[in-house]
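J.: For chain A, the structure is supplied; the task is to place chain B on it using the hints.
Residue strings, one per chain:
Number of protein chains: 2
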Amino acid sequence: MAKIPYRTYLTEEEMPKQWYNLRADMKEQPDPYLNPAILQPLGRDDLLPIFCEELCAQEMNSTDRYIDIPEEVQSFYRIYRPSPLIRAYNLEKALDTPAKIYYQFEGNNTSGSHKLNSAAAQVYYAKQQGLKCLTTETGAGQWGTALSMACAHYGLDLTVYMVRVSYEQKPFRKAVIHTFGADIIPSPSETTEVGRAILKQHPGTGGSLGCAISEAVERAIHTDGCRYVLGSVLNQVLLHQSVIGLESRAAMEKIGEYPDIVIGCAGGGSNLGGLMAAFMKDKLDGTRPNTEFIAVEPASCPSLTRGRYAYDFCDTGHVAPLARMYTLGSDFMPSANHAGGLRYHGMSPVLSKLYHDGYMKAVAVEQTRVFDAAVQFARHETILPAPESAHAIRAAIDEALKCRESGEAKTILFGLTGTGYFDMNAYTSFLEGSMTDYIPTDEDLEKGFATLPTIG
Amino acid sequence: MAKIPYRTYLTEEEMPKQWYNLRADMKEQPDPYLNPAILQPLGRDDLLPIFCEELCAQEMNSTDRYIDIPEEVQSFYRIYRPSPLIRAYNLEKALDTPAKIYYQFEGNNTSGSHKLNSAAAQVYYAKQQGLKCLTTETGAGQWGTALSMACAHYGLDLTVYMVRVSYEQKPFRKAVIHTFGADIIPSPSETTEVGRAILKQHPGTGGSLGCAISEAVERAIHTDGCRYVLGSVLNQVLLHQSVIGLESRAAMEKIGEYPDIVIGCAGGGSNLGGLMAAFMKDKLDGTRPNTEFIAVEPASCPSLTRGRYAYDFCDTGHVAPLARMYTLGSDFMPSANHAGGLRYHGMSPVLSKLYHDGYMKAVAVEQTRVFDAAVQFARHETILPAPESAHAIRAAIDEALKCRESGEAKTILFGLTGTGYFDMNAYTSFLEGSMTDYIPTDEDLEKGFATLPTIG
Chain A
1 MAKIPYRTYL TEEEMPKQWY NLRADMKEQP DPYLNPAILQ PLGRDDLLPI
51 FCEELCAQEM NSTDRYIDIP EEVQSFYRIY RPSPLIRAYN LEKALDTPAK
101 IYYQFEGNNT SGSHKLNSAA AQVYYAKQQG LKCLTTETGA GQWGTALSMA
151 CAHYGLDLTV YMVRVSYEQK PFRKAVIHTF GADIIPSPSE TTEVGRAILK
201 QHPGTGGSLG CAISEAVERA IHTDGCRYVL GSVLNQVLLH QSVIGLESRA
251 AMEKIGEYPD IVIGCAGGGS NLGGLMAAFM KDKLDGTRPN TEFIAVEPAS
301 CPSLTRGRYA YDFCDTGHVA PLARMYTLGS DFMPSANHAG GLRYHGMSPV
351 LSKLYHDGYM KAVAVEQTRV FDAAVQFARH ETILPAPESA HAIRAAIDEA
401 LKCRESGEAK TILFGLTGTG YFDMNAYTSF LEGSMTDYIP TDEDLEKGFA
451 TLPTIG
Chain B
1 MAKIPYRTYL TEEEMPKQWY NLRADMKEQP DPYLNPAILQ PLGRDDLLPI
51 FCEELCAQEM NSTDRYIDIP EEVQSFYRIY RPSPLIRAYN LEKALDTPAK
101 IYYQFEGNNT SGSHKLNSAA AQVYYAKQQG LKCLTTETGA GQWGTALSMA
151 CAHYGLDLTV YMVRVSYEQK PFRKAVIHTF GADIIPSPSE TTEVGRAILK
201 QHPGTGGSLG CAISEAVERA IHTDGCRYVL GSVLNQVLLH QSVIGLESRA
251 AMEKIGEYPD IVIGCAGGGS NLGGLMAAFM KDKLDGTRPN TEFIAVEPAS
301 CPSLTRGRYA YDFCDTGHVA PLARMYTLGS DFMPSANHAG GLRYHGMSPV
351 LSKLYHDGYM KAVAVEQTRV FDAAVQFARH ETILPAPESA HAIRAAIDEA
401 LKCRESGEAK TILFGLTGTG YFDMNAYTSF LEGSMTDYIP TDEDLEKGFA
451 TLPTIG
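Residue numbers (this note's numbering), protein chains in the order written: chain A, 1 to 456; chain B, 1 to 456.
If you're looking for bench data, these hints aren't it; they were derived computationally from the structure.
Hints are supplied without guarantee of correctness; some may be wrong.
Said to hold, decoys possible - Pairs of lysine-lysine, DSS-like flavour, derived with a Cα cap of 30 Å: (1) A:K93 to B:K127; (2) A:K254 to B:K17; (3) B:K127 to A:K254; (4) A:K3 to A:K447.
Unchecked claim - A few chain B residues facing chain A, derived, Cβ under 10 Å: (5) I79; (6) I86; (7) V165; (8) Q169; (9) P171; (10) T179; (11) G407; (12) A409.
Unchecked claim - Among chain B residues calculated to face chain A with C-beta under 10 Å, some are: (13) Y6; (14) Y9; (15) T11; (16) P30; (17) P32; (18) R81; (19) G112; (20) A378; (21) H380; (22) T382; (23) Y427.
Each residue gets a CB set at the ideal place from its N, CA and C atoms; glycine is no exception.
Excised from the complex, chain A in its bound form (with noise of 0.2 Å):
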């Protein structure tokens, strides 16, 4: 047999030409979202006035296995699509391990992530319904700057709500944001009340995604001809984001490979989700029933791990919709991990009901480890890998670590979400050996469950 290539790659017309919809298979569905006002069960009308149409639409559809991408989103993916699979020959032979070691490569593209695989479908969509403006909020920056390029290209105009710590300590993530021609406001703001409630109630906070979210909801809600639209977490997000493992299938079959198990990292679910519905559909329907699917999680927001699997608001400021998911509680201030992407204190509630059922594992890791795999990672593999990428990183290498001691084969499928070059104060920080771990207590997180609200 030939020897497996580096990089596979799909043709264009190998693309896939559908997203997945993996709530279609499950076998029980997440709890339905709430009306944060009424705290009732809300239908697709409730969300109008946050998200446009058709994503509302997709938002509350769980019985269409296989969704149509819009010709021009397929266009677009086309720029920057299809992303390698690759084959992690250098890091193996550096494990000296015999499990086989692939990833998914999402970071060539400018947005420096797989982020703007579900920036271009929620662009489109909002383009297609007449909208001219929408709003949103960014961690770490990867969510505003694929958010930026759709934007440019489908010529609607951004708010970027961008978490006032990371906006101080990235200023070249700014830059990106501006070249493309959106407009960033640090949050929490004087623009929007429930910024200028916070900033009141916690003067000179660095902010969190949760807070971020709620302002740029408030804006949204706010202007005319304008959404709101979000990176992670929801079901429309991860349903974009299926083409990643899509594509990771098919090149797989191509070089007839097939995971034994499935890493990603998780923050809200987006990149995890995405790289696992179409593995996760063989699980489900007994093709494929050993396959294991792995979350890894910052040790210092571990919402898996330690989380509750309870209602919680999915914003600080209580105007967004809650789910049911595991959550840390919306008042959760994580440390400040570098990970910027990784900071959210709930989860999707996709992968949340998947994990409460048995059908994923989670792994937390300290970020020091974290580091210490993306060095080792981009030494042999010559990526230099996101901050939240290399938290898979370490799982891969963690489990082809126990593959050398047991001298089993597997098969390791992991994501590689994207870049770190906007990270490298973190990198700096952990190469001068200054970078330290934060592990929450069981005291700060009860503080954080405290605040979760009682339902029904």
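T.: Structure of chain B alone, referenced to chain A:
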């Protein structure tokens, strides 16, 4: 006929197995290098204290048309190559031009540029020779990053002399190079005789490439088991970079295309030389006599368009050989132009000779027009280009606009050498309107020409 894809990738089988040595097909050869001590033509042996053996041989080889790419270097290439040939559909549409615009994108690797193609080869040969360490210089930082990646891969130590002004402006470049395990010293420095002399003469100078080269060469010569490597200008570098054009040409053939115009930015000439070699072959042998080749340089450092074709030192400290090339004088201190990779006083002897003999054209462009093109390109093509690469974009857009006037449907190919993630200060200065253009006066240039050595 099927629509031409956005991206065309060669398969691993289709990737070049040999580099193409353009000199073997040149009607007249560039003039020989001169020994800096005696100003007489030098032989291979004179280069041995500076470069490793195989590279000395490649430097002097003007007869072998094809040179095998060692299997290990091919493996390295397969980590990040093939690079895609991209059809700029969105840019074409925005420009409303009948021209077809293609670009070969070399930024899909962590070094963010094409520099890795030669770094991989040079470090491989150094390892083969049993060397333990290498020295080099870097300006914008792309070459230093690429070399640090290759050294991490092959296990050699590396010391990078980084032009001080870039060292201070680009802390994140340093961090990337550190991540890959190399040492960096801002140049001029106290670590070399030539550095100390320059510092004495120009206290507080921001340095230049010519000066950093001198320091790196001196350090290599005085360190056991160590040699110097250079990222541009040299024949060997153009040879390694020929992989770019070989891939472009094969990819264009796959889709039934051939360029009417080939465009590349030109600092030392490595990118343009590499991109154009396979196409220049067809011009030299008469198969495609009408292809146009355009070198694009910054108006602030116009070696081809306003320099002298003369023997000159390749470095400020006059420790490296002399070459006959288009030059502004080895003392020419370019202004603080943001395209740090295009601030070299000279130009590849091969490109200089071809330009002198009328085989290619050159244009000089002001940096505000360059950044205007960069932002336009980013918004339409969703790739954030390096300022260096954006020089080629500027010229490609200008050619496409000429086609709009004339109605000609020319096929334009340009080299998109890399990404601009580390150049956000420059983007910010452009977007805020504080960027200015600098064009040296004739008097400025005369000062540089006055330093040209008198030969023979």
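J.: Taking the hints in turn, state whether each one holds.
T.: Tested hints:
{"no.": "1", "hint": "A:K93 to B:K127", "in the structure": "holds (19 Å)"}
{"no.": "2", "hint": "A:K254 to B:K17", "in the structure": "holds (24 Å)"}
{"no.": "3", "hint": "B:K127 to A:K254", "in the structure": "violated (36 Å)"}
{"no.": "4", "hint": "A:K3 to A:K447", "in the structure": "violated (54 Å)"}
{"no.": "5", "hint": "I79", "in the structure": "holds (6 Å)"}
{"no.": "6", "hint": "I86", "in the structure": "holds (8 Å)"}
{"no.": "7", "hint": "V165", "in the structure": "violated (18 Å)"}
{"no.": "8", "hint": "Q169", "in the structure": "violated (12 Å)"}
{"no.": "9", "hint": "P171", "in the structure": "holds (7 Å)"}
{"no.": "10", "hint": "T179", "in the structure": "holds (5 Å)"}
{"no.": "11", "hint": "G407", "in the structure": "violated (26 Å)"}
{"no.": "12", "hint": "A409", "in the structure": "violated (21 Å)"}
{"no.": "13", "hint": "Y6", "in the structure": "holds (4 Å)"}
{"no.": "14", "hint": "Y9", "in the structure": "holds (5 Å)"}
{"no.": "15", "hint": "T11", "in the structure": "holds (8 Å)"}
{"no.": "16", "hint": "P30", "in the structure": "violated (33 Å)"}
{"no.": "17", "hint": "P32", "in the structure": "violated (36 Å)"}
{"no.": "18", "hint": "R81", "in the structure": "holds (8 Å)"}
{"no.": "19", "hint": "G112", "in the structure": "holds (8 Å)"}
{"no.": "20", "hint": "A378", "in the structure": "holds (6 Å)"}
{"no.": "21", "hint": "H380", "in the structure": "holds (7 Å)"}
{"no.": "22", "hint": "T382", "in the structure": "holds (5 Å)"}
{"no.": "23", "hint": "Y427", "in the structure": "holds (5 Å)"}
Checked against the numbered hints above, the structure violates hints 3, 4, 7, 8, 11, 12, 16, 17; every other hint is satisfied.
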